[in-house]
Every structure is written in C-alpha cells, then in structure tokens.
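> If you use the UniProt record's numbering, the sequence shown corresponds to residues 1 to 342, in order.
Please note that the accuracy of each hint is not assured.
Here are the simulated lysine to any residue pairs, SDA-like style, with alpha carbons at most 20 Å apart [what the hints assert, rightly or not]:
#1 K270 with A240
#2 K260 with A213
#3 K270 with V282
#4 K113 with W102
#5 K182 with R30
#6 K270 with K329
No lab work stands behind these hints, which were simulated from the structure alone. Computed from a predicted model, the values in this text were never measured in an experiment.
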Amino acid sequence: MVPIEYRHRLPHKEKINGADYSVVEGRKKRRSDLAESRINDDDLNRQFRSDPTGGRDISRRLEDHARDNVVGEVIYPDGMLALMASPDISFQMGVAKAYNDWVHGIFGKHPGKFAPAAILPTKDVPMAVEEVIRLKGMGFRVVSCPISVGDQAYRLPVYEPLWSILEETGMVPSFHIFTGTKDHLPEGAGDEDYGGILSYMIEAMAEAIQPTAQLLSSGVPMRHPDMNFVMVECGGGWLAWVLYALDEQYERKHMWIEPKLDMKPSEYFKRQGHVTFGDDPVALTNLEYTGEGALLWGSDYPHDEGTFPHSEAVIDRIFQGLSEETKRKIVFENASNLYGFF
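Could you build the full structure based on these sequences and the hints that come with them?
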C-alpha cells in the first residue's frame, strides 16, 4: 500500500480550464482529452480501453495472449513509468515498493506466463541494493531501472554494488523508455503542438543509446559477466550503428579511453545485452553487426505502438527472407531463456 503521505502525489487526472490533463510529479502536464476524442474502433483493442480492470483480470489477459499466440509476458509498470522524474528518492522508493508488492500479488502466482518487472529507483544505491534482495526473495526476475539518471551516470563506480547484487541474484536490469529523469514532453502536449508528440516518441526511443554506451564503455559487462541487461521498447534499428560506432571510437580514440576492455564493446553487448522491438524490420537487416541473441521480439501489449492483436501478421512480414531457426530464436527462445519462462 502506498504510504498515506505520498498518495496525493501519485499520477492523476486534473481538470484545467475545462480540459483534462494527466499530471505526473516532475513532468509537464499533458492534455489527454483531445487524443481520447480521436480513438477509432481498432484503438479500443489497445491500452485496456475496453477492459475496466485495466489489465488486472488474469483470464482476460490470457485470452488476449491466446488470440495473439503469445505464451509469456514481461509486464512493465505502465502507469508508473515516470516515477523517477520526481527528485524525491524517498517518494520514489516508497511508491516503488508499494507497486512491487501490488503487482506481485496479482501476477506472482503465474511465473510460467508472467514476469512482472519491479520498479527499482537507483539514485540511492544502498537503498536499491536492499530492494533487490527483497525482490529476489519474493520471486521477481526483472527490475525496471530509470533509463536516464542525470548527473549520476551509470558509468560511475557508485553503481558497482548494484551491478554486483544483480549479477549475484540473476535479476535482469531493464531500461524502459520514458522512465528517466529527463522530460522529453513538449510544452502544450496534447494540444496542437507542432509535431511535439511525434518528436517526443522518437527522442524517448533514442534515449536507450545513453545507458547502452555507458555500460559498455565503463566495462560493466566485463566486470560482471553474468549480468544480462535489456533496453526496452526502444526498437532495434539503432543498435547496429551504435555497436559499430563504439568499436570504431574505442580503437581510434584509444589514447584517451579508460578503462581498457578485454573485448570490443560490441562483443560484450552480443554476450549480455538485449533490445526489445516489435514492428521494426530495420532491426533484422543488420544481424551481422548485432547478432541474433541480442534481439527480443515483443508485442508491447497493450500499447498503441504495439502489434496486438495482429502480432502474427507483423512477424510474418518483418521476418521475410530469414530462416525459421532465426525467427524462432528472436521471437521465442531468446526471451524464454533470459527470463526463465520454460
């Protein structure tokens, strides 16, 4: 349960000058009623618009997955993605613990079907380590870390105790877009904002480059070879260029760069890093640079930008020309092995 002193600060709706706004601490207010007035019949399938339980009905959720031929789901905290925008670490952790207890109560009894991601604020590292230990005892397999962290960058040594406990417990740190401290939301979002929302989506997806580069360049995977990590909902088309550029710069700027790595940055990512993608054929055109093991196909259920309820058609289209073995690995085996579904 969320501590009483924090409840009035949770994400909520407000009426301002007759319009509806979404309010999140640390973020600009976003008008929501104009977008809701433009929803069509197909949109009702997504975002739980036709599900009054908001996805909490296990039977209905499993029916949706059966309809889409999906056999396992990693569940991210949609309504709490922006929690880390608040500068108050006590608020972050208090709400995170309440959410983690709540989501475990709903999905924790179905480990073969669901792997809910626990929220893990990382600003206070000792506090984060303590929460990882608690979460492991509850049966969590995945933690959702903020994708951007301001001045306390993931390349800094302060995080070593966190990487160590994640490696020791086998928990998978995931970096989901929209979870960082940076507010990409444009002024007037939801109004006529001159392309602001479209730009916002792409800027947020590109933010996955930062933790990818910081983890690899600082040698985190080298020091923690049993810690896997995932960039979530960012697509995969960017990955080939980033890995190539990291290798190139590591070689060309060798006189400046520390620490010295035992392998190329790209080789560490191929061994331990992953990205999730849905309708992104570009991610599949550069397998010689990314490898197959780094790619995790996902439907992004139930989001508007996801593939539900047309996932099978999307998979058939974007995997054209690739072998059944490659398709099975990226669509099923990689995620199954990483998250321990089967």
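> Hints first: check each against the structure and report whether it holds.
Now the hints, each set against the structure:
{"no.": "1", "hint": "K270 with A240", "result": "holds, 11 Å"}
{"no.": "2", "hint": "K260 with A213", "result": "holds, 15 Å"}
{"no.": "3", "hint": "K270 with V282", "result": "holds, 18 Å"}
{"no.": "4", "hint": "K113 with W102", "result": "holds, 17 Å"}
{"no.": "5", "hint": "K182 with R30", "result": "holds, 15 Å"}
{"no.": "6", "hint": "K270 with K329", "result": "holds, 14 Å"}
In the structure shown, no violation is registered for any of the earlier numbered hints.
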